[in-house]
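A.B. asks: As you go down the protein sequences, you meet chains A and B in turn. Per the working numbering, the first sequence runs over residues 1 to 340. Per the working numbering, the second sequence runs over residues 1001 to 1379.
The set of hints was computed from the structure by calculation and includes no laboratory data. Values in this document were obtained by computation on a predicted structure and should not be read as measured data. Hints may be right or wrong, so weigh each one.
In silico BS3-like pairs for lysine-lysine, Cα to Cα no more than 27 Å straight-line [claimed, not checked]:
(1) B:Lys1109 with A:Lys140
(2) B:Lys1109 with B:Lys1163
(3) A:Lys140 with B:Lys1107
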Amino acid sequence: MSIDLHHGRVEMNHGSGGRAMAQLIDELFARQFANDYLAQGNDGAMLPAPAGRLVMSTDSHVVSPLFFPGGNIGSLSVHGTVNDVAMMGARPLYLAASFILEEGFPLADLLRIVESMAHAAAGAGVSIVTGDTKVVEKGKGDGVFITTTGVGVVRDGIILSGNLACPGDKVLLSGSIGEHGMAILSQREGLSFDTGIVSDSAPLNGLVEAMLDSGSRLRALRDPTRGGLATTLNELAKQSGVGMRLDEAAIPVCPAVSAACEFLGLDPCYIANEGKLVAICEPQDADRLLAAMRGHPLGQNAAIIGEVVDDRNGFIQMTTRMGGRRILDWLSGEPLPRIC
Amino acid sequence: MRYVDEFRDGDLARHLAAAIGSEAQGTRRYHLMEFCGGHTHAISRYGLGDLLPPSVHMIHGPGCPVCVLPIGRIDQAIRLALEHRVTLCSYGDCLRVPASLGLSLLKAKAQGADVRMVYAVTDALELARQNSERQVVFLAIGFETTTPPTAVAVQQAAASGLKNFSVLCNHVLTPAAMHAILASPAGVRLDGFIGPAHVSTVIGSRPYEPFARDHGKPVVIAGFEPLDVMQAVLMLVRQINTGRAEVENEFTRAVTPEGNLKAQAIVNEVFELRDGFEWRGLGSLPKSALKLRPRYADFDAEARFGVGYVPVPDNKACECGAILRGEKRPQDCRIFGTACTPDRPVGSCMVSAEGACAAHYTYGRFQGPATTVAREEMQ
Chain A
1 MSIDLHHGRV EMNHGSGGRA MAQLIDELFA RQFANDYLAQ GNDGAMLPAP AGRLVMSTDS
61 HVVSPLFFPG GNIGSLSVHG TVNDVAMMGA RPLYLAASFI LEEGFPLADL LRIVESMAHA
121 AAGAGVSIVT GDTKVVEKGK GDGVFITTTG VGVVRDGIIL SGNLACPGDK VLLSGSIGEH
181 GMAILSQREG LSFDTGIVSD SAPLNGLVEA MLDSGSRLRA LRDPTRGGLA TTLNELAKQS
241 GVGMRLDEAA IPVCPAVSAA CEFLGLDPCY IANEGKLVAI CEPQDADRLL AAMRGHPLGQ
301 NAAIIGEVVD DRNGFIQMTT RMGGRRILDW LSGEPLPRIC
Chain B
1001 MRYVDEFRDG DLARHLAAAI GSEAQGTRRY HLMEFCGGHT HAISRYGLGD LLPPSVHMIH
1061 GPGCPVCVLP IGRIDQAIRL ALEHRVTLCS YGDCLRVPAS LGLSLLKAKA QGADVRMVYA
1121 VTDALELARQ NSERQVVFLA IGFETTTPPT AVAVQQAAAS GLKNFSVLCN HVLTPAAMHA
1181 ILASPAGVRL DGFIGPAHVS TVIGSRPYEP FARDHGKPVV IAGFEPLDVM QAVLMLVRQI
1241 NTGRAEVENE FTRAVTPEGN LKAQAIVNEV FELRDGFEWR GLGSLPKSAL KLRPRYADFD
1301 AEARFGVGYV PVPDNKACEC GAILRGEKRP QDCRIFGTAC TPDRPVGSCM VSAEGACAAH
1361 YTYGRFQGPA TTVAREEMQ
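Isolated chain B (complex conformation) (with noise of 0.2 Å):
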């Protein structure tokens, strides 16, 4: 299949990890951290921890939409659905998010809520024009990939005077995480980040600037095929090994230094800056999300119906905050693979295929059980 067998040739794949084998230094180790959830996926699903040498350790990020959203915010979107009987709309993974009081939306669903799965912002919309009795609820998460089409169903519902949509906006901002992980004075030690892919082509390669200039971390921006990675591995190793720390671009099909900017301008005109929100694992950190214009405040679903964000704790048991920090793996979580499975998930790590949890249990979970390395390599 053209464009994806190019990026899975098993071949290039063995003659990229020689080359990694050769140049990675065995007394030194590199502390790669895969920001995105889809490089973890990649990285599970094709088994490439297999193919770099021992000195190579990869560390899950943030980079998972469902993941970092707090139980508060999912504990918003079903007050919406149960107490003010909207017709609340998402993407799949969300609605199996455990939230409080034991609900998750799905669970809200069989007690008479009425929540859809979506697969575009534009099915939720298409919902409201067709039901205009009924009040619609999208409920918008994720990065600056999924940020754009959040911003022209908003414009499109205010062009069209639509009184029946609004959005409930959990949208993140890449960067901000990136600084948050380095700025913990306690956190894992890294040598460099694979950057994100969709991410990058919407917003270039600029802000990531600031990681390699003033923190000293070499980036390398990737695709989610597994060729990319490993291509990005060896990049990143090269870089370090010469003492080098610099944004790189292994997706160059995709992504430019400047990124898309009409979808910039686009998610500009609609939306502007938080002046903090909660991440889970994260904290609250300040100017890392989204929220509407005040021109847009019709199609805030927080205004409409008054539904505030009260922040919830996490389950005691669970790791995610650590997982979602890199500072520990999910095979580290005690209750990971017993009370904790993709059937029946804790936390939202073990919900999303992009989830660290998840994609551990999914495909590496032959590699047997915990050990202590990842502590002791943590500083």
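This is chain A alone, in the form it adopts within the complex (with noise of 0.2 Å):
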């Protein structure tokens, strides 16, 4: 008899190795992420060795709500180490994923998660290659965790990093910030209000790709997820010994993004994004950066926003609408808990 996929719940015995855990993996997760990988069915995936050099990179998600508007926990899961291995200028080839199942969840939104994921794996061109399911008590979980491990490819090169930002680069944002963040904040308990507001999530490796082949001379990728984009420029700044000075009226925020921020006292430039990057490149590179990204569907709001310069504090500098200074500091106190 088949797994009752639309009223069962998940039990103890799906993660406890026997026949029950075989068949949740032979009828949910082996039939959605189908790929020759997983259908070897070990305990590993034999995969063949690319030329070049390889990216690795993890990511744990735990969102709360695990759905929202513009995605859930699955497509957020594949999406955000898919971004991670990108941002390295490494193309994603595969992914492991591990699921850490609470007793009782629905298996109908298991099912949910898993196809929202096996369609997130399809459009970024990634397989999900090997995995692992565990099920913890009633109480002792938050329905579902996921974590995935990706595996990318580096073209010839290339070479980003975090510290490689030198006086005088771009600094880009590929376009509007705040979205992700907002869409789960205006999911949560006691906070619900309608927005209308969609979560960003994405893949960025097409984006990325179209960015690299554009030939700009680019020194570092990175999505500004966890404490937003002020966050990402403080990582950047302090990672290469240098400041930057940015334009606020040059970085793009949507109005129902800003009234929302407005209405819960919060600044978009600390809001998580899943399907933002920054791109700091070599000056005379940026106007053909800026025209690659705008030219590929996630980057048509793309803008320079910013430049580095020599600054032994780390300070990033904003000018603000009003024409005054003002620093975009690292975020400070109560992050807001549990946005991916």
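Dock the two chains into a complex; use the hints.
C.D. replies: See below:
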């Protein structure tokens, strides 16, 4: 008898290594993620070794709520790791996925999540080649936690790193900020408000390919997830031992995000994104890179938002819309919990 | 975004800056105190200092509710949570203020105390309703803006006969603090005030008239948006240039001369004046804070649990007191940005986003080390 994926629930024996677990893997995960490597059915996937250098990255996903406008923990877990690999200038090839399931979690929800992962993987052009499933007792998890690990290959001659930013370099942003974090917040119990904001969760490897194809000399790429744009820029500045000067008016923010941030007393620069990237490039290539980004669907609203400067304090200084100056500092105090 | 973008228009800001620049006389100095932390935050966040001419000096005032609360008041809340095992609720910033014995409410929480961050007093009321076996205490802080909601909560608790809800009342009064700053003999030199925005929606513009009439200090009530602040500075410069001292209202979209009479009536029904109340930085000020009227004594946490106020001196290295009186700037404090940062605050002004130190650290510290300008200018 097959598993009732519509009315059933996760049981302890789905993680016990026995027949029930084998059945869940066969009928749910293997069916949705179907590929030759997974079909090997072994403890690990045996993969052909690509030429060149490999990039590997891992990311755990504990977002709450599990389903949000624009995605769910499944699609997010694919995009999160695909993007981390892509930020190294690599083409993501394979993913491993580990699930921690809470006893009693509806299998119908798990099916939605796994379908969404399969869809996201196909969209990003990666295969989920191996995985693991554990079940914890009711009350000891929060539905589903997913850890994904990705492997990609870097094309020859590309070296991207957060410590390579130099004074004079330009800082580019691929689009409007704050949509993922506000989409999650808008669904939070106690805070729920109707904004129509949809998460920007998306695979950025295609955009990165287009940027690399443009031949622009890139120094670093990074996706501004937790802590938002401000945190990412501070990380890059610290790593490179430089400062930055930004123009607030150049940073794209959609009106709904602006309004929701205003309402909650938040700054969009500190709100998480899951489908945006920051690029640092040599100044003479900035316009060419911007054109390449705008030519890609995920970079239509890309903008040059500032430049790298010599500053031993590592300050990210921003000219406000008013014409005054301020710092865009590290996030302080309580970060917003569990957004990815 | 309507009602927001209009007040953050860069072109208008530059026009106002040009007007201030041309009308402010280079031969004199304009020492203007923005009373409210909300204004301090706006000035720092939008970098408005860069738009003002060198002759205009903004001095941060004491209008930050978390900042003016002395250590002894936080100690009371911690005693309630740790010793009396109540569920202690307050606004987020309050939880991080350093108190005696290296504690804060957050650290008490880590020791097992039941401390909750709430967005509004109604959340605390709801907690009490849903947990009848728990004593729920709301640490009520703030100027006249947050007082009416506390008053309504007490009325509702009384009406429904709630036995497990009480208030640790620390509501304070704006005019009393303004008076204390002007009355200080060794105090800061001031030529005018930017008057509170939200406080004035409740109390109206009339309570500021004595400062203009008796002390000769112009007051311009202003909203918290950057253009409100710029417009208020221009209005103050014009008053000072023409030798006028009046209460003017820039924030006409929300403030009337008489204020919100309904809110005032509710506050008056629930609260009465304390004889004295100790403020951080300003010392003990007569008739400067509120307590529950005898008819609501059942909801007074101080009385219910017998936790009296014990004064505690500030950390010796901390300059919060002088900063709250406008006598020093955050960067004049020798532990600013070193021993005292928003992540590890020593004084209360580094805790709240409205605190002068937190605002300067977060937005303005690129402007470099301390100078002696502020001290030289004090008389």
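A.B. asks: Give a verdict on every hint.
C.D. replies: The hints, checked one at a time:
1. Taken as a hint, the Lys1109 of chain B and Lys140 of chain A pair is honoured in the structure, with Cα atoms around 22 Å apart against an allowance of 27 Å.
2. Of the pairs offered as hints, the one joining Lys1109 of chain B and Lys1163 of chain B holds, with about 24 Å between alpha carbons and a cut-off of 27 Å not exceeded.
3. Distance restraint check for Lys140 of chain A and Lys1107 of chain B: the Cα-Cα separation of roughly 25 Å lies within the 27 Å cut-off, and the hinted pair is therefore satisfied.
Violated hints are absent here; each numbered hint is respected by the structure.
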